[in-house]
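Chain A is already provided as a structure; the job is to place chain B on it using the hints.
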Amino acid sequence: MMVFLPLLTTTSPVVVSIFFGVYMSIAAFELTPTDDLFEALFTYKNYKAYNSRLEQLGFETFSTAKNMGLLVVLLSIITGLYLLLLFVMMLECCIDAEAIKSVSSYLKKKLFWDVTLGFFLDAYLEMTVCVFINLHLVSLLICFCSEANSLFFYSLRMMPPVKCLTST
Amino acid sequence: MFDKYLTYFLLVVSVSFPFITAIFLYVNRKRIGQDELFDQRYGVLYRGLETRKLTTCIAFTPFYTFKRLWFAFVVFYLNEHKYIMMIANVYCQILYMIYIGWSFPYFERKDNILNLINETALVDMLYLFFYFVNPATDER
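Top line first, the protein sequences correspond to chains A and B. Residues 185 to 352, numbered by my numbering, are exactly what the first sequence covers, in order. Residues 935 to 1074, numbered by my numbering, are exactly what the second sequence covers, in order.
If we strip away everything but chain A, and leave its shape as in the complex, we get (with noise of 0.2 Å):
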């Protein structure tokens, strides 16, 4: 937690935002640059970082998946593992196979909660950041709405710009 104080402050030293932006790598499992990744998998839309402090601090966009990073991918290992859990379930009832039995006791053990609850227990801060930075895009396309009064003129705006056509 110590890690995300810099979130409530406005201005702090240089050397104060850098160091403890090394420190939230360590904090938020940045193992590895994921970023290349999903932009590969999914497509985003090019919201910069709410601002410069969230910035220093390794939350460059709005997007959740992209600042969790590292955490997304272990989440998605997990989902993948009770995927896998259900297939092994299945070829038990097929199978009689001490092998297979083996696999989905253990799977069952780690996943029935040990696994999951640490997951959600040690990412919870990182988290919970991450998707309230998200829904502050949120909130703050709202207030956009609100402020051009209807729904029309903010779809207005966020069309792509036409194109003319003309001769040169």
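Since the hints were derived computationally from the structure, they do not count as laboratory data. We put the beta carbon where it would ideally sit given N, CA and C, even for glycine. Each hint should be verified, as a subset may be incorrect.
To be verified - Chain B stretches covered by chain A per the calculated footprint, using a threshold of three residues with CB under 8 Å from any CB of chain A:
| no. | stretch |
| --- | --- |
| 1 | 939-946 |
| 2 | 970-981 |
| 3 | 1002-1009 |
| 4 | 1017-1030 |
| 5 | 1035-1042 |
Structure of chain B alone, referenced to chain A:
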């Protein structure tokens, strides 16, 4: 699309986690430290805690997660009121420290002392960060 569903899923998980944990542990309070299978499955919710102190055992994880939820909520939704945001965090942190000091939740004595030192350092740092809060230079 993936991002949207992920956000809503994680929002539901993070907001409900402290409350569901509290209810779940309270309902199964008689099985804590008594039922081996239960400890194996849900022991991560009270790992290292003194299981003979049932109230502490039930309340620790919900408090621990709620403090973090409160921190994230305050940072993003009281952003306009910097001093209220800081004071809300300081009060929450001090209340948590009082709870830790009063209950000594961990089984090992050294864990309790380390936890107290950690929470004291957090309060100290929060007071130090008052220096960097300048409402006149808010970025948004």
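Unsatisfied constraints (hint numbers, rising):
5
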